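Q: Following the hints, put chain B in place on chain S, whose structure we already have.
2 protein chains.
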Amino acid sequence: MFKKNIFALALATLFGSSSVCAVENVDLLIKNATVLTMNDEKTIFQHGLVAIDGNHIVAVSDGSNLSQYSADKTIDADGDIVMPGLINSHTHVSMTVFRSLADDVPDRLHRYIFPLEKKMVSRDMVRIGAQLGNVEMVKGGVTTYGDMYYFEDEVAKTVDKIGMRAVLGETVIKFPVADAANADEGIQYAVDFIKQWKGHPRITPAFAPHAPYTNTTNALKKVTQLSEKYDVPVLIHLAESHRENEVIAKRSHGKTPVGYMEEIGALTPRLVGAHMINVNDEDITLLKKRGVGIAHNMSANIKSAKGVSPALKMFDNGLRIGLGTDGPMSGNTLSTIDEFNQVAKVHKLVNKDRGAMPPIKVIEMATMGAARALHMEDKIGSLEVGKLADVIIVDTKSPNMTPVYNPYSALVYSAYASNVKHTIVDGRILMKDRKMLTVDEASIRDEALAFAAKVRKTVIDSGEVVR
Amino acid sequence: MFKKNIFALALATLFGSSSVCAVENVDLLIKNATVLTMNDEKTIFQHGLVAIDGNHIVAVSDGSNLSQYSADKTIDADGDIVMPGLINSHTHVSMTVFRSLADDVPDRLHRYIFPLEKKMVSRDMVRIGAQLGNVEMVKGGVTTYGDMYYFEDEVAKTVDKIGMRAVLGETVIKFPVADAANADEGIQYAVDFIKQWKGHPRITPAFAPHAPYTNTTNALKKVTQLSEKYDVPVLIHLAESHRENEVIAKRSHGKTPVGYMEEIGALTPRLVGAHMINVNDEDITLLKKRGVGIAHNMSANIKSAKGVSPALKMFDNGLRIGLGTDGPMSGNTLSTIDEFNQVAKVHKLVNKDRGAMPPIKVIEMATMGAARALHMEDKIGSLEVGKLADVIIVDTKSPNMTPVYNPYSALVYSAYASNVKHTIVDGRILMKDRKMLTVDEASIRDEALAFAAKVRKTVIDSGEVVR
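If you read the sequences in order, they're chains S and B. One point on numbering: in our numbering, the residue at position 238 of the first sequence is 220, and numbering is uninterrupted. One point on numbering: in our numbering, the residue at position 355 of the second sequence is 337, and numbering is uninterrupted.
Excised from the complex, chain S in its bound form (with noise of 0.2 Å):
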């Protein structure tokens, strides 16, 4: 992992001395920063340093090591601060070209999006969809996120092709979706997806039934069992509105939906629940003992009015619990970092304590949490030696940033998407000064606009579906 510099070893040899500090030559060297660990002590440096090689991060420290570095390419942070990337824990990433279609809608899902859905779905719209999303992300500063959507295997390129880092869920659903007529098709959909795709070195394939009140216990049993024999994650919407409390309570006489993924056995620790807004002190007893990963996706929740999970509870109980941004219909963007202020104040709100949930609190929610959230946490979500080296710089000359006295307050409060400078994932910069470096913002922009117009069209101008 480390290429020594020969002139440094030279001398050490020639002199036979060993407090001669041999020079250590690595790929990517961050000066001058304030380091954001988001390590179990939650250690920040002042005027502090990161080095990376290959795709690891192999030194995190206060600078007063630096002259002991030489690197390939080199970023001054100028005061900047750098912490782990953010983990958006769960989104539709395709469906960045429907955002802002019919937002307010009642019953929105069934009576507005499904049936879009049905009319607009293709692999040409989840590939366009995708790339607009990713590139969305890591221009906000996330370095990995957990999907759920159909024709996954085009999301999968997307995010080869740009160098984040991804759990992508093929979803299974009883009805009749755009790349499958039913839910075994779907999961046989599934299984070919991860096969194709499993040991990526940035990529984590999986099963995404879509909730427990669209798929049949045989379905949810057969994904379970399937999770087990390709050792992949499970992603759903667990938990989320009153009417499937209503459906899975009729079929599991009175069970929570908590309750009844128990007592089907698919409450696993290979389980990633989004939503859990309706879940009792019994079902958090259970999700924490089976190690459950949840998706707390404040805006998306508080804008449909289906309620605030008790997320602070959860997180605060030792629960594995990170930030998502649900899909661009619902969230209705990408970026973690525009869920801080809503989760830092909301939870202040319905708990009645300004003291509720602080600063610190959210940034490890969108960082540490996610990681464990998605079973990550051994590999990414914070700045240690040894973790993949997945990193952002975030501007604090903005005047929005200014002046930083505590910088968790300042990115919680204060931060815009738009305030990340840089973002690495894999040791690879992929955002470098806000422009994208491995693939053309432009393009991918001009074919999500055509799209919108094919959209326009179709749902719009004919009157098709509801607007």
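Note that these hints are calculated values from the structure, not bench results. Here the structure is a predicted model, which is why all the values come from computation and not from measurement. One or more hints might be untrue.
All copies of an identical chain are treated as equivalent in the list; a pair is satisfied when it fits inside any one copy or across any two copies.
Restricting the straight-line Cα-Cα distance to at most 25 Å, the calculated cross-link-like pairs of lysine-lysine (BS3-like) are [as the list claims (entries may be wrong)]:
{"#": "1", "residue 1": "LYS379", "residue 2": "LYS417"}
{"#": "2", "residue 1": "LYS13", "residue 2": "LYS211"}
{"#": "3", "residue 1": "LYS204", "residue 2": "LYS156"}
{"#": "4", "residue 1": "LYS379", "residue 2": "LYS414"}
{"#": "5", "residue 1": "LYS439", "residue 2": "LYS101"}
{"#": "6", "residue 1": "LYS361", "residue 2": "LYS439"}
{"#": "7", "residue 1": "LYS143", "residue 2": "LYS379"}
A: Leaving out everything else, chain B in the frame of chain S:
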């Protein structure tokens, strides 16, 4: 107001024909825009134009008459959103230099902010903080704001220089503060300030009694009388906290803060009340009857866990209500765009109705609503012929703003303050392509950072004020 094109006039004279269209020369022409007029009919023009001559709007149209205009300067909006400048109806702009200090301390105003201000507020601090805050607002598309602080003449000088529009209230409060030993001195300072700045084309000086509970009845009455005499607004914090309710109830035989203000004759059309969280239906009727302006500060109110103002009810009942950010120790940013998401979503949450507070109402509260709150609706708040030329252009090319099926939705659910591309106040371009034209942003930032270093030394490193 119109400078006729000589050549066109000559042609018309030559041919003696009234059917020859005179080409009208204007100072600034914005073309090819998605124009949100925010007029009563909420007219939207695709490929529209806005023509500005001097400091007034002289045309707003669907663009079909584009050839009728020649212009000294032309901005091709290339489909971007052109809309009225945003109006931040309540802030304390100079407090930018304290941003991110001790954010979630209990009883923060009394335990932290007042002691901090006693130690740090000076003429210099007010100037330095105002500079930074004005830049932040211009860059976030705010063209007019309402301010309450000390040494307000320093804020006025900054507003004058940068080219913004503002209603600036000099604080009156019963205990010793940086620029007055007591309320009488504060009133005298305010009167001097008002005499000095009254009549400025962009600045409206005002009284700013801090709140009913931090002033005596006598002081409040005196301010009310003087506001009539000098024909100026009165800005105040009103119905903000339970503590205030208790103090005022004791003072007034059980009245609410609004009821008390009515009783002492202080509820007038000159009054602009910030927050208005604890108001009952009787209060709302009174506020409407008296034509009181209201500043709704969602972000600050939920951050402090004070609760949610019945702002939607007041808006729907036709009250004069607009959005405000509150000061940067509360909000913590100064761009009204940062409020949009929270205003739209938290009202849905508390009303348990995803259809509540749709984007179009949020945008109205940020423009015409706030203009009404400041009693300036005849001059600003919409793009209509004869109004003052306060206009912003919002980029729709960045990933978070792609695509735009509904511009109100895109602005409320997706836009960042940093998506504002150009800001025009009084016909003058203050920001172009994100670059400030009237002041040097870098030196303003340097001054703010130098002051922040003093703050850090005085109140953090010394431990004098509890962090």
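Q: The structure should be examined with respect to each hint, and the outcome stated for every one.
A: Hints, verified against the model:
1. LYS379 with LYS417: Result: close both inside a copy and across copies, 18 Å intra and 14 Å inter.
2. LYS13 with LYS211: neither (45 Å within a copy, 60 Å between copies)
3. LYS204 with LYS156: For LYS204 and LYS156, only the intra-copy Cα distance (13 Å) is at most 25 Å; the inter-copy one is 71 Å.
4. LYS379 with LYS414: both (16 Å within a copy, 19 Å between copies)
5. LYS439 with LYS101: This pair counts as within: shortest intra-copy Cα distance 12 Å, inter-copy 62 Å.
6. LYS361 with LYS439: The answer is neither: 45 Å in one copy and 39 Å across copies each exceed 25 Å.
7. LYS143 with LYS379: between (31 Å within a copy, 22 Å between copies)
In this structure, the hints that do not hold are numbers 2 and 6, in rising order.
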